[in-house]
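Chains as they are written, first to last, in our numbering: chain A, 1 to 568; chain B, 1 to 181.
Treat the hints loosely; a few may be bogus.
Unchecked claim - Ranges of calculated distance between the beta carbons of each label pair, as one might list FRET restraints: (1) A:Asn109 / B:Lys91: 29 to 39 angstroms; (2) B:Leu147 / A:Glu82: 30 to 40 angstroms; (3) B:Leu147 / A:Asp105: 51 to 61 angstroms; (4) A:Gly96 / B:Pro50: 20 to 30 angstroms.
Said to hold, decoys possible - Far from chain B by the CB rule (all over 12 angstroms, computed), these chain A residues: (5) Leu27; (6) Lys71; (7) Ile141; (8) Lys273; (9) Pro358; (10) Leu428.
Derived from the structure by calculation, the hints contain no laboratory data. Positions of the beta carbon are idealized from the N, C-alpha and C atoms, including for glycine.
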Amino acid sequence: MILTMFKGTSIKQKLIRISMPATIAALFLIGSILSTYNLIALRNKIIQNAIIHAKIIGDNCTASLSFNNPKDAEETLLALREDLHAVYAAVYTKEGKIFAKYQRDKNKNEFAPPLPQDEGYHFGFNHLKLFQPVMLENERIGTIFIQADLKEFHSSFLWLGVSFLIGITVSLYIAFFLLSRLQQEITNPIHDLTQLMHTISKEKNYSVRSGVQQRQDELGTLSEGFNEMLEQIQTRDMELESHRRNLEKLVDGRTVELATANVQLERDFIELKQAEEALKGSEEKFRRLVENLRQEYFFYRHGTDGVFTYLSPSITEVLGYSQEEFLKHYSEHLTDNPINKQVEHHTNLSIQGIQQPPFEVEIYHKDGGIRRLEVTESPVFDNKGSVVAVEGLAHDITERKRMEEELKALSLNDGLTGLYNRRGFITLAEQQLKFTNRMKRGMVLLFADLDDLKLINDSFGHQGGDQALIDTAYLLKNTFRGSDIIARIGGDEFVVLALDTHETYCEVLISRLKKNISIHNTKEGRPYKLMLSVGTAYYDSGNPCSIEQLLERADKMMYEEKQRKSKI
Amino acid sequence: MFKHLYKVSLFVFSITLIISLCADAEQVKPGEYEVKAAFIYNFAKFIEWPDDSFLDKSSSITMCVIGDDPFGRSIDSIHDKPVKEKKLKVKHIQSVKDIKGCHILFISGSEAKNLPQILKITEGAGILTIGDTGGFAYSGVIINFYLEQNKVNFEINTKAAKRARLQISSKLLKLARIVGE
Chain A
1 MILTMFKGTS IKQKLIRISM PATIAALFLI GSILSTYNLI ALRNKIIQNA
51 IIHAKIIGDN CTASLSFNNP KDAEETLLAL REDLHAVYAA VYTKEGKIFA
101 KYQRDKNKNE FAPPLPQDEG YHFGFNHLKL FQPVMLENER IGTIFIQADL
151 KEFHSSFLWL GVSFLIGITV SLYIAFFLLS RLQQEITNPI HDLTQLMHTI
201 SKEKNYSVRS GVQQRQDELG TLSEGFNEML EQIQTRDMEL ESHRRNLEKL
251 VDGRTVELAT ANVQLERDFI ELKQAEEALK GSEEKFRRLV ENLRQEYFFY
301 RHGTDGVFTY LSPSITEVLG YSQEEFLKHY SEHLTDNPIN KQVEHHTNLS
351 IQGIQQPPFE VEIYHKDGGI RRLEVTESPV FDNKGSVVAV EGLAHDITER
401 KRMEEELKAL SLNDGLTGLY NRRGFITLAE QQLKFTNRMK RGMVLLFADL
451 DDLKLINDSF GHQGGDQALI DTAYLLKNTF RGSDIIARIG GDEFVVLALD
501 THETYCEVLI SRLKKNISIH NTKEGRPYKL MLSVGTAYYD SGNPCSIEQL
551 LERADKMMYE EKQRKSKI
Chain B
1 MFKHLYKVSL FVFSITLIIS LCADAEQVKP GEYEVKAAFI YNFAKFIEWP
51 DDSFLDKSSS ITMCVIGDDP FGRSIDSIHD KPVKEKKLKV KHIQSVKDIK
101 GCHILFISGS EAKNLPQILK ITEGAGILTI GDTGGFAYSG VIINFYLEQN
151 KVNFEINTKA AKRARLQISS KLLKLARIVG E
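Whole structure, please, built from the sequences with the hints as guidance.
As structure tokens, this is what we get:
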């Protein structure tokens, strides 16, 4: 029954429902005990008081009784006026006759004392009657009677009852107040825990903690356990999250690999296509060579003095000039292209009897167009082995050159360094940009310019310059990760896109590169030192921009560095 | 047979009871000297004698009557009665010489002419002198009876008591008329 009474109530109510009756019972018990004790004490006090008075008065009446002096006995009895309880009193002789009597209220009817009795007392409803013998030298010489009224007793009883009720009421209020406070002490943490639990189950936020564990009691332990549980959940959550991230990273990695593979595949495909086209072109060329030899080739022969002795009529097909026109104004038709400066040198060598590799000549067509010729000169020897003439075969390679340029333009790679060319870089970088945006990452673009390439070219020839570029590419490959996109986008301009790299790494990347350069410069013992001017730009997915803008920023920074260097 | 006897005995008992009750009702008021005798006995209870008055604790209190005995048989009622673990003994003496050994001395009115002589002997001897003759107290007798409205009263000469080295209870003094010399 008690259990059904508590069903569906909160802990707070349960606590109060248990505690209040217990408190009431305890208060009643204590109150009853105290009241009873007080009343018994008061009753005993009244009795003791009456006995003492009876004894004193009796003792003082011994002479009166002995010498039959009732007047004196009455005077003695008057001492009872001081005792507010005593209302009637009487002294009896040994024989039981009334000897003297006393009554407090003289206005009342004259008091008729009861018959004397043996020593003792009895309580009436509102009085106490007491008989006490008067002794003289162990002889009973009379009896004394005192009647005390119990008004004080009754008023005390009433007062006790009232104060008991007031006490209980006040105590109950205090108990209720204290209990409410006490139960708050217990239920509040529980309530907090419950709230916390609701919040957690609603928001799935396991990072919150209960603050109840500072308590040293069971609730503290409970809360601590709860927090520990949360901790474990959170740890697992974090592990799960980290697994998820790892997985994502793995997927990203695979995606990049796939993309790279895709690019590679595309490149292979293009190369294959190029090869195919080249093959096709070759076939065409040979077919055409056979069919239209006249349209692409012309022959000539000149003596050791350089004077033409023969010119094939196909010159008209190739360059539009008549034989006479070409022979007469041959040197005038050459363009300003620096490669033409080598022509004389080659011819001189051929005249000296040295077989030359084919060299190129740039020349104007009669229609004003520029033609590129590949000339193969061979010295003609007589029986004695001395040069008598030089024969030449000129091949119009204008179309081939154009196709080569086209092919070059189609390529993603830089033929010299093996790095990506500008086209390759832009293609890959744009792909990477999208990926970075999606992953909300950042990357760093590094722009490097090989200083003084012109000087190297001038001092050590084009081969020297090419070697410097190849070395630079090698350095960059060594410095950056395989996954970073490294490209040569211009003559002496290199760029590196360091993927998934934070802005703070810019300095690190630059210093690593510079360190590698200085190692290279000391180790190789080259005639010249590689010097790079470097600029960086950070790409923040939160603040996107185009690859061109990024390049511009890095270029600007690089340029500023170059300026600084030149000032020094 | 027995039933009859029971009834008869009950009747006899009843008659006896009635007669005795009537006798009690007719009891005469005690005579003057009976009261005085009882008073003298009671005085002994309220008075302390000096230690050297008694040979030992158990020795009796001796009351002597000198001169003509006014008590007659009534004095017998107090003879041998216990007072303070002692017994009161009543003795009649004729000569002043016999006063020594008395604790209480009742001086009869007939000895008025010998009073100074008697008091000379009793002075400082721890003897309670009692009289019932007017002026005795003034003369140096410690307690003296007198009648007032037919009631026996007594007066006490406290100085005489002091001289006799007797201690009189204040309760007793309260009832008495105090007399100087």
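Can you name, in rising order, the numbers of the hints this structure does not satisfy? Violated: hints 1, 3, 4, 6 and 7.
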